[in-house]
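**Student:** Quick mapping for you: the protein sequence lines, in order, are chains A and B. If you read the first sequence in my numbering, its first letter stands for residue 1, the second for the next number, and so on. If you read the second sequence in my numbering, its first letter stands for residue 367, the second for the next number, and so on.
No lab work stands behind these hints: they were computed from the structure. Some hints here could point you the wrong way.
Only part of the chain A face toward chain B is listed, based on derived beta-carbon distances under 10 angstroms [claimed, not checked]: (1) Val57; (2) Cys109; (3) Gln112; (4) His176.
The C-beta atom is built at its ideal place from N, Cα and C for all residues, glycine as well.
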Amino acid sequence: MNEISYRPYNLIAELTYRCPLKCPYCSNPLDLTNYTETLTTEDWCSAFEQAEKLGVVHLGLTGGEPSTRSDLEVLVKHASELQLYTHLVTAGMPIDAKRLAVLAKYGLCSVQLSVQDSTPEMSDTIAGTKSFDRKRVFAEEVRALDLPLVLNVVLHRENLENLPEIISMASDYGAHRLELANTQYHGWALKNRAALLPTLDQLKIASRVVQDSRLLYPEMEILFVLPDYYSERPKPCMGGWAQNTMIITPNGRVLPCHNAGTLTELEFWRIPENSLDDCWTTSPGMNTFRGYEWMKDPCKSCEHRERDFGGCRCQAFALTGDMAATDPACSLSPHHPEIEKARDESIQSAPSFVYRDSVKKMGGKI
Amino acid sequence: MHKGTLTKEEMKTWVRNRYYYQTRIPKKDSSILTKSDDPDFRRDWVRRVRDHDGDEKNTGGLELWLRLGDGVGLNRAEVSSLTNVLPGVRRACDAYVEFVNGHSLLESVAASLTELSAGPLMGQRITAFENHYTWIEPSALDYFRSRTSQAPRDAQEGLEFVLGNAKTDKDHIACLAALTRKCEILWELLDGVEWAQSRPKIVDRARMRKNELMIVLPERAIELNSTGMEILEACKGEATVNKIAEAMMNRHNTIETVFTDTYEFLEKMKSAGALEYI
Numbered sequence: 001m002n003e004i005s006y007r008p009y010n011l012i013a014e015l016t017y018r019c020p021l022k023c024p025y026c027s028n029p030l031d032l033t034n035y036t037e038t039l040t041t042e043d044w045c046s047a048f049e050q051a052e053k054l055g056v057v058h059l060g061l062t063g064g065e066p067s068t069r070s071d072l073e074v075l076v077k078h079a080s081e082l083q084l085y086t087h088l089v090t091a092g093m094p095i096d097a098k099r100l101a102v103l104a105k106y107g108l109c110s111v112q113l114s115v116q117d118s119t120p121e122m123s124d125t126i127a128g129t130k131s132f133d134r135k136r137v138f139a140e141e142v143r144a145l146d147l148p149l150v151l152n153v154v155l156h157r158e159n160l161e162n163l164p165e166i167i168s169m170a171s172d173y174g175a176h177r178l179e180l181a182n183t184q185y186h187g188w189a190l191k192n193r194a195a196l197l198p199t200l201d202q203l204k205i206a207s208r209v210v211q212d213s214r215l216l217y218p219e220m221e222i223l224f225v226l227p228d229y230y231s232e233r234p235k236p237c238m239g240g241w242a243q244n245t246m247i248i249t250p251n252g253r254v255l256p257c258h259n260a261g262t263l264t265e266l267e268f269w270r271i272p273e274n275s276l277d278d279c280w281t282t283s284p285g286m287n288t289f290r291g292y293e294w295m296k297d298p299c300k301s302c303e304h305r306e307r308d309f310g311g312c313r314c315q316a317f318a319l320t321g322d323m324a325a326t327d328p329a330c331s332l333s334p335h336h337p338e339i340e341k342a343r344d345e346s347i348q349s350a351p352s353f354v355y356r357d358s359v360k361k362m363g364g365k366i
Numbered sequence: 367m368h369k370g371t372l373t374k375e376e377m378k379t380w381v382r383n384r385y386y387y388q389t390r391i392p393k394k395d396s397s398i399l400t401k402s403d404d405p406d407f408r409r410d411w412v413r414r415v416r417d418h419d420g421d422e423k424n425t426g427g428l429e430l431w432l433r434l435g436d437g438v439g440l441n442r443a444e445v446s447s448l449t450n451v452l453p454g455v456r457r458a459c460d461a462y463v464e465f466v467n468g469h470s471l472l473e474s475v476a477a478s479l480t481e482l483s484a485g486p487l488m489g490q491r492i493t494a495f496e497n498h499y500t501w502i503e504p505s506a507l508d509y510f511r512s513r514t515s516q517a518p519r520d521a522q523e524g525l526e527f528v529l530g531n532a533k534t535d536k537d538h539i540a541c542l543a544a545l546t547r548k549c550e551i552l553w554e555l556l557d558g559v560e561w562a563q564s565r566p567k568i569v570d571r572a573r574m575r576k577n578e579l580m581i582v583l584p585e586r587a588i589e590l591n592s593t594g595m596e597i598l599e600a601c602k603g604e605a606t607v608n609k610i611a612e613a614m615m616n617r618h619n620t621i622e623t624v625f626t627d628t629y630e631f632l633e634k635m636k637s638a639g640a641l642e643y644i
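Please take these sequences and the hints and turn them into a complete structure.
**Tutor:** Okay, structure coming up:
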């Protein structure tokens, strides 16, 4: 068996869950009211310092919408002094050109912009708010500063058919990479699963479109993987539980993935009460699914376990109530019929979206 | 090549690497021989092996290609040792032999039908060389001259065999697929040669970490060893892939595989998005 090394290369800093968008597949926790208290600027700066010592190389500043924090400039400056490769994950609003220029000056390395679809009408419908035009301008602002731009588009049944236009838009925006992310059915997205889950036919066409587009736009890396609901084997979630990535939530909880908070039985620790090293290395929650000993059959004796680590713990818990169960996305799982049922239902016509409003829930204004 | 825009260095790279393809042809044809139960077919087909290997020493197509190598200024021992063949070229040519090993007689013969366009092409090539690359001695072009008569004859025989033996729709589809695959292999060979002339440059979005040997990109971090770092430091958009590999070979002449290792490393870095080519 391969020896696993647990070095956190990647820190995802969820600076806040506030967000001007209201996407129906929002992957942030359902209990937003628990996150109105957030870490201070000093807490974050100290976390970055500790993270760098633990081996972190990449820092993703995300949310929610990170630019709703007024101290973003300070955080970027501090991170870049620590030589962290700092990446801003944003909806392109409320941040403006002036602020972006300051971030670039302070050493921001790259920007990931989310866009919901290829036309203002469709994109704004999914975002639940007017945002498409601003995002287009923001992409121009990013490229004008010579910052590398990654475009991220969450795919689902309502926008999959616009894939050729989405890809051509990414190329027009000057993105060096396009991430076509299939909706993951956690949190708010699970509520909307029937409205979001694509059909197999849609996905087959999409795969072809992506293959052709890679030839058409050789300068742009296009990331597209079949959603786990349609693949025989589950995804190696986060490349393995608590192996290379750590997430810090807005209130300082240190998690192995941004959904791990849904595993209510697990004890994760928080900064600043604990050191980041203790949160990563010692906290009980982080260690629960490291290695292979925790596995049950069919994972325990499966030849694929070192590749997929039994799939997603959060999905296993959400769909089976047992967080150590095999991810139901795996065809070997006894709960796999639940996934097949959802696939069958996708052929039916879809219900409408249930939108999410973080501002209403958390109070205040953006 | 036919427009006359190749530099001497580029011409040498093509000749050196294409020689690897030439050396695979008699192996591929020998493999085809083993597939046939028909003495008449084998008697005809074995001529292709003899065309390349010659009826006696220092004759035949391979020898003629080495003379082309001499003519463009390559070291004959280096060319025939095959040590400095580009990895992409090697992969493409090996893939052809493997394809034939793993497929039927009919499909293997169908794959050889790229020869259909070789006859007219050889004529154009000779004219182009005589007009544009006057630094190459005319006698070095004897390989192309020999193929002007051999290629059409080979192609005609191959075509007759395929037309006579591909009877069902399934056969037709398999033959087309084989020929398509062969075209892809030839394309990959040329891609491999072209790439060696390009100038790699570390992309602007990459950052080198100072306290450890690592290149960091927006979506990944790649740990390097000191040799990897040395190669990347040469990727400034000035030196070609070829030049960088040669420099590495001169500096690390104790490591036998350093030339191809350098290529393979650069290929990996390219597919990881760390390099662009100008």
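**Student:** Mind checking the CB of valine 57 of chain A against every CB in chain B and telling me if the closest is under 10 angstroms?
**Tutor:** OK, holds: valine 57 of chain A within 10 angstroms of chain B, min 5 angstroms.
**Student:** May I ask you to test the interface hint for glutamine 112 of chain A with respect to chain B, counting a Cβ-Cβ separation under 10 angstroms as satisfied?
**Tutor:** Hint on glutamine 112 of chain A: holds, closest Cβ of chain B at ~8 angstroms, below 10 angstroms.
**Student:** Would the hint on histidine 176 of chain A stand, with a C-beta cut-off of 10 angstroms toward chain B?
**Tutor:** holds (7 angstroms)
**Student:** Checking hints one by one. Is cysteine 109 of chain A an interface residue toward chain B, by the C-beta closer than 10 angstroms rule?
**Tutor:** Cysteine 109 of chain A check passes; min Cβ-Cβ to chain B is 6 angstroms, inside 10 angstroms.
Of the numbered hints listed earlier, not one is contradicted by the structure.
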